[in-house]
Amino acid sequence: MVDDFVPALIDVGAHHLCPGCGEPIAMRIVLEAVAELDLTRRTIAVFGIGCYTAFSNNLDVEVLQALHGRAPSVATGVKRARPDSIVCTIQGDGDMVSEGLQEVLHTAARGESVTCIMLNNGVFGETGGHMSAATVVGQRTKTSLEGRDPALHGRPILLASLLAQIEGAAFVARGLVNSAGNVARTKKMLLRAFEAQDRRAGFSFVEILTMCPTGWFVETEEAPDYLEGHLAAVHAPGVLKDEVDR
Amino acid sequence: MTTALTGGRRLLAGSEAIAESMVAAGCRFFAGYPMTPFTEVLEHMARLLPGVGGVCMNAESELEAIGMAWGAAATGTPAATGSTGQGLSLMQESLAEITLARLPLVVLDMARGQGDYYQATRGGGHGDYRHLVLAPADSAEAVVLLGSAFDLAERWRNPVLVMGDYYLAHTARSVTIPDPVERAVPDWGLDGSSGGTGRAKLVSFLGSRKQRDDVGYDLAAHYADCAEHTVEMTRSVEPLAEVTDTDDADVVVVAFGTPARYVQAAARALRATGVRVGCVRPISLYPFPTEAVARAADGARVVAVYENNQGQMVDDVRLAVLGRAPVTFIGGLSLDSSGFGIAPDLDVRILTGRIATALERVTTS
Numbered sequence: 001m002v003d004d005f006v007p008a009l010i011d012v013g014a015h016h017l018c019p020g021c022g023e024p025i026a027m028r029i030v031l032e033a034v035a036e037l038d039l040t041r042r043t044i045a046v047f048g049i050g051c052y053t054a055f056s057n058n059l060d061v062e063v064l065q066a067l068h069g070r071a072p073s074v075a076t077g078v079k080r081a082r083p084d085s086i087v088c089t090i091q092g093d094g095d096m097v098s099e100g101l102q103e104v105l106h107t108a109a110r111g112e113s114v115t116c117i118m119l120n121n122g123v124f125g126e127t128g129g130h131m132s133a134a135t136v137v138g139q140r141t142k143t144s145l146e147g148r149d150p151a152l153h154g155r156p157i158l159l160a161s162l163l164a165q166i167e168g169a170a171f172v173a174r175g176l177v178n179s180a181g182n183v184a185r186t187k188k189m190l191l192r193a194f195e196a197q198d199r200r201a202g203f204s205f206v207e208i209l210t211m212c213p214t215g216w217f218v219e220t221e222e223a224p225d226y227l228e229g230h231l232a233a234v235h236a237p238g239v240l241k242d243e244v245d246r
Numbered sequence: 001m002t003t004a005l006t007g008g009r010r011l012l013a014g015s016e017a018i019a020e021s022m023v024a025a026g027c028r029f030f031a032g033y034p035m036t037p038f039t040e041v042l043e044h045m046a047r048l049l050p051g052v053g054g055v056c057m058n059a060e061s062e063l064e065a066i067g068m069a070w071g072a073a074a075t076g077t078p079a080a081t082g083s084t085g086q087g088l089s090l091m092q093e094s095l096a097e098i099t100l101a102r103l104p105l106v107v108l109d110m111a112r113g114q115g116d117y118y119q120a121t122r123g124g125g126h127g128d129y130r131h132l133v134l135a136p137a138d139s140a141e142a143v144v145l146l147g148s149a150f151d152l153a154e155r156w157r158n159p160v161l162v163m164g165d166y167y168l169a170h171t172a173r174s175v176t177i178p179d180p181v182e183r184a185v186p187d188w189g190l191d192g193s194s195g196g197t198g199r200a201k202l203v204s205f206l207g208s209r210k211q212r213d214d215v216g217y218d219l220a221a222h223y224a225d226c227a228e229h230t231v232e233m234t235r236s237v238e239p240l241a242e243v244t245d246t247d248d249a250d251v252v253v254v255a256f257g258t259p260a261r262y263v264q265a266a267a268r269a270l271r272a273t274g275v276r277v278g279c280v281r282p283i284s285l286y287p288f289p290t291e292a293v294a295r296a297a298d299g300a301r302v303v304a305v306y307e308n309n310q311g312q313m314v315d316d317v318r319l320a321v322l323g324r325a326p327v328t329f330i331g332g333l334s335l336d337s338s339g340f341g342i343a344p345d346l347d348v349r350i351l352t353g354r355i356a357t358a359l360e361r362v363t364t365s
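Protein sequences appear in the order of chains A and B.
When the letters of the first sequence are read in order and numbered with the working numbering, they come out as residues 1 to 246.
When the letters of the second sequence are read in order and numbered with the working numbering, they come out as residues 1 to 365.
These aren't lab readings, by the way, just hints derived from the structure by calculation.
Watch out, some of these pointers could steer you wrong.
[As the list claims (entries may be wrong)] For the chain A half of the interface with chain B, some residues (derived, Cβ under 8 angstroms), not all of them:
| id | residue |
| --- | --- |
| 1 | His16 |
| 2 | Thr43 |
| 3 | Ser56 |
| 4 | Asn57 |
| 5 | Arg70 |
| 6 | Ser85 |
| 7 | Gln102 |
| 8 | Glu103 |
[As the list claims (entries may be wrong)] Listing some non-contacts, in silico: residues in chain B with all C-beta distances to chain A over 12 angstroms:
| id | residue |
| --- | --- |
| 9 | Thr36 |
| 10 | Arg157 |
| 11 | His170 |
| 12 | Ile342 |
| 13 | Thr363 |
Backbone N, C-alpha and C fix where the C-beta goes; we use that ideal spot for every residue, glycine too.
Please work from the sequences and hints to get the whole structure.
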C-alpha cells in the first residue's frame, strides 16, 4: 500500500517541494540504490544548492554541504582523503551546468572515482524559475519569457553527452522519473553508477530529468508529458557510455 | 633532495621550509594552483605528501583548490591550501562558508607585498566571520607558526591564515623542521560510517546537525552559534607580538612580516646614534596585539607605522593607540616592475630616514 511505503534512508514525513516535483522521486531511488548495494555505511553525499538541498536535512547518510556548482571539487577532496568511502554529488542543472560546468568536466577528466548526480529540470527552480544552461529552446522561464531563443540565448548544453566523450568517465547515463517504467530504468542506471565507483572503474554520472510544473508554468498533471515532449526530446535518455567492465 | 622529516638544521628556501613544516605538523592534504610566489610551496607539497600517505592536488583553479581542501577537511584530515592575494580573492566565498561549516583549514597567502592585510584580517568574503591570522617575519618563524596554525585550526575548528611573501618564499635560511606530529581524526569527521544509524553526520554551513523535521535549517540559530564561537575564539587566543626597546622610546615603529626585519635593523641603527626608537612587530594580525601596541605607545611621542601598502594595518594601530600618541603612516606602496613584491623601499637608510622624520615632526611642532 502507498501509505505503508517508507523510503530507504529518508525521514518519514512531509517535504515542502512543490506538488508534482520530480526531485523527491529522484532522491528516493538514489538512496534506495545506496541501501540495496549495502553502501549505507560508506556513503557521503555532497550537496549543491537548489530545491533538493532541503533533503540534506532528512537523509540518514553522511552529508557534506557545498556551494552552488562546487560539489565536484569538494567530492574530489573527500574521496582522495577517504578512498574507501562512496562519494556522490547531488546537484541541479543550474548548479552543475551553469555555475559548475568547469568543476564537473575536470572531475570527469581526472577520472575521479565519484558519482555525480544531476537533477535536471531545465530551470533554476529554487530562485523561482530562471533559464539555466540546460533550458531547452522554446522553454519559457522568467529570464526567457518568450521562450529560449537561440539568437538571444544560444542553445542548451547537453551535459551527459559532453561527459560521455571524456575518457575519464566510465559510466554516463540519462534517465527520467515521469513514469513508473522510467523510474525503474533510472534506478538501474544509479545502481550501475555506484557499481562503477565501487569497482574503481572511473568517474560515473547519472542525469535524472525531473518534473518541475512550477518552473515550467504548467499544471501538475501535465508535467510528466511536458518532460517527455520538451526536455527528453533534447536531453535524450539512455545509457550513453558504459565502460565499467573495461 | 631529502624527504626526511626528523628534526635537525638544514639550509632550505622558504617555500621548502614551509612545505616541510606543514607536513611535519600533520598536514595530509594540500591543494593549490600555480601562482607566483606560491608556486614552489605547491611543488614541494606534491613531492613530499605521497611519501607520508598524503595527497597533493594541482587543481584546475583556485576555486577548485579550496573546494578540494574543504572536502578533505570535512573528513577530519588535516588540510591546507594557499595562493597569493589574487588567488585568495577567488577563494573568498568558500573561505566564508568553510568558517560557517566550522572546519579547520590552514590557508597560506604567499603575498605580493603587504596589500592583503585587509583581505586577511577583515575577511575578503561575504558575511561576518573571523579568521586567525599569523604573520611570520622569516622562514624560521614560519616553521614554528605553521605548527601553531594547525594546532589552532584543529582546536577552534576555524580557518587560520598564514601570511608569507616573495622574500619568505625565495630566501634560503638555516631552519630546524620540528619532529612530526600525529593528529587524531576528530569525532565530527566524515567517513560514511554513521550512515543508517539514525544519526548520520552533517558538515554544513547551514547548520551543525540535521533537524530531521519538515521545517529545515534554522540559519538564525546557526549564525548565532557561530558568532558566539568567534567571540570565544577571539577572547581565548593569545595575541602575539615581538616588542623591542619600547620602554623609553620616543618613537615606536609598528611593522609586520618581512619588512619588519628591515624596520628593526633601522631602529637598531638609529639607537646607535642616540635616538630612542622602539619596535612592535605584530605576529598575530588577528587577534591583533592591541594591548602590546597600547603599552608601547604609552610615553611615546609618536607611533609610526611602516607597511608596504597604502595604509591598512595602520587602522588597527590607531584603534590600539587610541589617542595615547599621534599615529603616523611612514609606509607606502613600494614595488619593482615585476609586481611580485620586491620593494625598493626596503632599505635601512630609507627607513631610518622616515623614522627620524616622523620623530622630528612631533618634536619641532
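Tested hints:
no., hint, verdict
1, His16, "holds, 7 angstroms"
2, Thr43, "holds, 5 angstroms"
3, Ser56, "holds, 7 angstroms"
4, Asn57, "holds, 5 angstroms"
5, Arg70, "holds, 5 angstroms"
6, Ser85, "holds, 4 angstroms"
7, Gln102, "holds, 6 angstroms"
8, Glu103, "holds, 6 angstroms"
9, Thr36, "holds, 23 angstroms"
10, Arg157, "holds, 15 angstroms"
11, His170, "holds, 29 angstroms"
12, Ile342, "holds, 33 angstroms"
13, Thr363, "holds, 55 angstroms"
In terms of the numbered hints stated before, the structure departs from none.
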